[in-house]
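Line by line, the protein sequences give chains W and L. Just so it is clear: in the first sequence, position 238 is 237 by numbering that gives the first Met the number 0, and no numbers are missing. Just so it is clear: in the second sequence, position 118 is 117 by numbering that gives the first Met the number 0, and no numbers are missing.
Everything hinted at is true.
Computed Cβ-Cβ distance ranges for the label pairs, DEER-style:
| # | chain 1 | residue 1 | chain 2 | residue 2 | range |
| --- | --- | --- | --- | --- | --- |
| 1 | L | I36 | W | A206 | 27 to 35 Å |
| 2 | W | A241 | L | T149 | 38 to 46 Å |
| 3 | L | I36 | W | V362 | 47 to 55 Å |
Calculated directly from the structure, the hints in this document are not laboratory data. Fair warning: this is a prediction, and the values are worked out from it, not measured in the lab. Note that the Cβ used here is the ideal one computed from N, Cα and C, for glycine as well.
If you want the building blocks of each chain, they are given just below.
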Amino acid sequence: MQKNLFRLTLLMAVFALILTACGQAPAAQTGGESAQAEKLKACFIYVGPIGDIGWTNAHDVGRRYVDEKYDWLETAYAESVPESDSERFIDRFVVEEKCKVVFTTSFGFMDATLAAAQKYPDNFFFHVSGYKRAPNMGTLMADFYQLYYLNGLMAGALTKSGKVGYVAAHPIPELIRHINAFTRGVREVNPNATVEVNWIFAWYDPAKAREAAEALIAKGVDVLAFTEDTATVVQVAEEYTAKGQPVYSFGHYSPMAQFGPKSLVSGQLVDWGVLYEDILTKIHLGIYTTKNLENVDYWGLLSGYPNLGGRAAVELGGKFGEPINPVFEADLKARKVNDPVLGEISVYDLVFKRIEQMKDPAVLFDPFTGPINDQDGNLKVKAGQRLSYFEVTTINWFVEGVIGKANP
Amino acid sequence: MNLPSLRIEKRLSSPRWLPAASLTVGLLLALVTVAVIFATLGVDPLTAFQRIFRGGFGSFYGLQETVTKSIPLMLAGVGLTLAFRGRMYNIGAEGQFMIGAIFATGIVRLFPTWPGFLLLPAMFVGGFLGGALWASIPALLKTRFRVDETLTSLMLVYVAYEAVKFLVYGPWRGSDTRGFPITDEFPAAAHIPILPGTRVHYVTLLLAIAAAILVYLLLTRTKLGYEIRVTGENPEAARYAGMDYRKVALLVMLISGGLAGLAGMGEVAGIHFRLRPPEALSPGYGFTAIIVAWLARLNPLAAMLTAFLLGGLLVGGDAIQIALNLPAATVQIFNGVILLFVIASELFNQYRLRLER
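Chain L extracted, bound-state conformation (with noise of 0.2 Å):
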């Protein structure tokens, strides 16, 4: 008896409609996975699902905290579409924010009494130069001698989380701080200006959007853009053409790896006012930002879209733990399981199954 197979096999068209269509049909299955597991917690799911859209988007209380969550992983995110366009798969942005917040805090320690007109544009320069060489790293071991940028990338997380670690428990731990192990508080020409009302510093948020839309253009209209994206698609190609790989490969990670460390800066100069340890300084932004800038579809204009929304899934999940009184692990599992399926929905889009008898 032959049983019935299922194959995958490559599309080779795909007709216009099926990116929507494929995330309409896993964001909807995402759904009824999670609802699923409120209801065995005991939870109405759709109690559950409100209060986390109402949490995130549904009062002017949760934009703006999605808005402030959004900034860090939109500069980070648009980064990493150009850099994953350039098939530099830099998976540290993580690392280059931690340098980045490095910087900003090192150029506070060194000119503390500028005023903010000057300080704050240090700050930013720092902050994108501390991310940029940190990306450097991977990106001249992959140029020069070929070692996979994906590891490195990854591992120089952990060399960064040690640096702010050792700054902060070591030389760089205040002075009025009681023996903990953060900085003092920066001075008040170090913070950036914050909407009032809200906790969005807005001078990042504009930096954000101001890059996502330098990031498109280049792409986009720009020859070096087109090299970064022929380079992306097909290096073999690219060589034979001409084009620079080397030269196209350290800038995608520069300039991702910058951003990824503007961000850092943000935090620090916009959220904390200081150099914390590690953990308290993200929640994993710079990871975050990989799966802002695959739900893009690597489109930085659409990354400022998605770092929205996962912003606001991050806010709003936050809420259900509160109201609910769900445990923390809820709120990730529901997270997890939205992005799992979004992901997955992306394999239809180039592959079909087929039963087979």
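Bound-form chain W, shown alone (with noise of 0.2 Å):
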């Protein structure tokens, strides 16, 4: 018995060897193929798979765009990437497929990126929604709450019940402050609304975020919002709304349109592009270099990139190019709020004039902006004063109007 099995084990080893050497082979033959013009290689390493409907998807959309519109660049890219194995995929990259620019698109792989740009100082890394940096290193992120603001000013001029419902993936710094801006929002129209939060512990869980989206309708909810990655809450709203129970959502990341024609208000969308494009355009012309990134850090606001025609990496709607669903135009426009600046205002104009307002580079509004009680009615915000990027950055509190617990 223990002479079979050595005998095996032995013979698996050869096997092995036997393979790698069949492989060595035509690997000699390849060698050629690199002495084509110098391009600039950026490789992308997704936590997710493309096809999902989400964040990865719209990276990778990101990153096709760019591919296919500068003849400098080719691209390559890595999907569902677990985060114990990002530091391979990275070294990999860097080393065998000479990539000269690196962009992880996760949180979780922020050591692992941080490592890999003190390893290789010569490479350009970029990465998304983290805060360490490096001479070589820069973030980038795309925030949505400006938009949840704006989603949050229709939610409050839709509700009937006064009662707004939010599913929401994990409690972190990023979607607390989303849920945050959209109750913002929601109680500049309707001051006595509510917002109930429903965690799921989950970025892509269609079973869990029915359950949770139906169980804040059970509650008195008619109108959604949600940060996670998939069209199910949006779906929920329309199957209720068919049903002659009107519930009203907001889509995320992706044009959800088609999912919700009766029943989507708006949403958030995102054109990575746009960010890809401002980063790789300034490698190739020189502008960044391996030495000067420390403090590159794309926030992706509304305000937009100059030097891209003002193109912005975020857009209000449910999908490209329609802020606001014709269907709800009416309702909106009927709905009047007074304003102390702008007077009598429409919720419609209201939502374009903000637009407006966060568009212009010196910001001239925040949803931010004091006085801001939290939760428990604690007044955190002074009247007149701004939270400060790192304050809102790594918020852990809710504001009032928010039912639910921001660590639970």
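Both chains are sitting in their own frames, so use the hints and assemble them into the complex.
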């Protein structure tokens, strides 16, 4: 018995060696390929499959956009990379695939990206959604808090029960910020309305998202927003609306209008291509070097990028080019609010006025301007003050009007 | 008209060359199947195979990555060979891995100022105890109440996942992580030393090799090992011979759980240097370890080799995704097909097909 096992393992080892050897032979013949014109090679490491309808798909749309647009650029990607393996993927991209620029698109890749930036000082690294930087490592994000605020304005106008629901993936600062901004919008139009949060502790779990949405509806919620990577909430809202119990929703990340023609009001859309284009052209032109990225941090708000004609990486709407579903136009125009500065104005006009203010390079309006109370009624931001960038990105408390725990 | 029919019948005796032959045929068939899949995706199968094996074994870089990846597989896999030998179907090594990681992290939090020569051994002991503790639950349920350990050990994996999530989202969430669900980085004393220029945390590797040898000696050279083997092969006979089934069952579960816990400790202190959400800590090492153990035909020494081969397969699989821009699912299909065929070929060691008219 023992002898057999020994032979068996020996055999397996031989097998591996033979296959490796077979593999080596043709490798020598392909060596001549790399003599082509020097192209900038940018490689992308994704946390999910490119076929999801959210985060990773949006990044890949951006990658394909820059890849097709510029001849001097070539790209490659790896999808569904586990956080525990990200260091290896980065190494391979740099060492074997000769990637000059590496984009890592998940918060969990932060430590590995920084380690690689230190290991390969002549390569460029960009990490999405993190906060650690180095001379050759910048950070970028396309943040939605302004859009969530705008969606909140509409949600506040459309709720009849005064109860708005929010299906949320994980309790991290990004979501707390978005829920807060959304609630600020809701309460600006409808000061007594509440936003109830239901955490599902998953980025991708259609079953849990459905359960959470239906539980909120059972509590009397008639408008739903969400942050997770499926279109489930939109579908649930559409089903209830079709049954004669109107529930409205806001899309997230990808165009989701087709899932809720009668019930999807608006949403948040991203165009990562804008940021990737800005970064890669600056590397190509020599504006970015491996020595000056320490303070390069894209926050991707509505104010946009001057050298790209003011294009922003984020856009309001359930699909590109349509900020508000026409089905809801009349209702939103009929609902008036009294703004201390703008006077009496319809919610519809207010949304576009706010976009204009936030698009201004000076950012004339910010939803996180005091006075802001926390959930328990304590004054957290004094009148006239704005939350700083650091405070907004690390926020761990809910504003007044949110029902639920920020640290469940 | 009588059509010929296939019958499967048990072999009365099997020739010595058979295991090797069935494995070879299984591997060849698997490669052919995978080649067809690659070809339909428009990729030259030979190029793909070449990249996989070069990626996993064909360069220093690939080799050291394969070794790194094989460390947790080896520890957990060696433990499982022992459990399976004793006929305890511990499917929950992944959960024991998680609890080991939690215990190791807990020790760092309790004694953050200890020097490395005290802290690291304490963490290893903690990791082992954590995994053993988690495995003791299905073991006790089995020996006291005859609850099937396959189910309980598997279900406890998900409980362990939730425990890690609770800690990193809750009380252990770091103070300098800007609210993200990870613990603070361990102090330098709690980092397992790494071979320069690699990611191989060699202390854990040495422990894994030692564990394989010790488990082998336990099984083949001790009275207890004899009891484990007899119990595994024929529990009734073991009971009749006066062997303590409960003792054997509990012991093999504690050791296999403890080794899986060590694997978890090795990952947090050798790779991540902090506790992270479960899906980030392990891409399913505890489950892959089951395959490691079966492929090794429950021999702990062979498990070292199968862990290495499987690690290489995983590392090489990643390489083709990068080199050939294949979807990640292709890699999983590749690994899945190989394992399916290899495990299916096992059947022919004990059974044979016969054509009957």
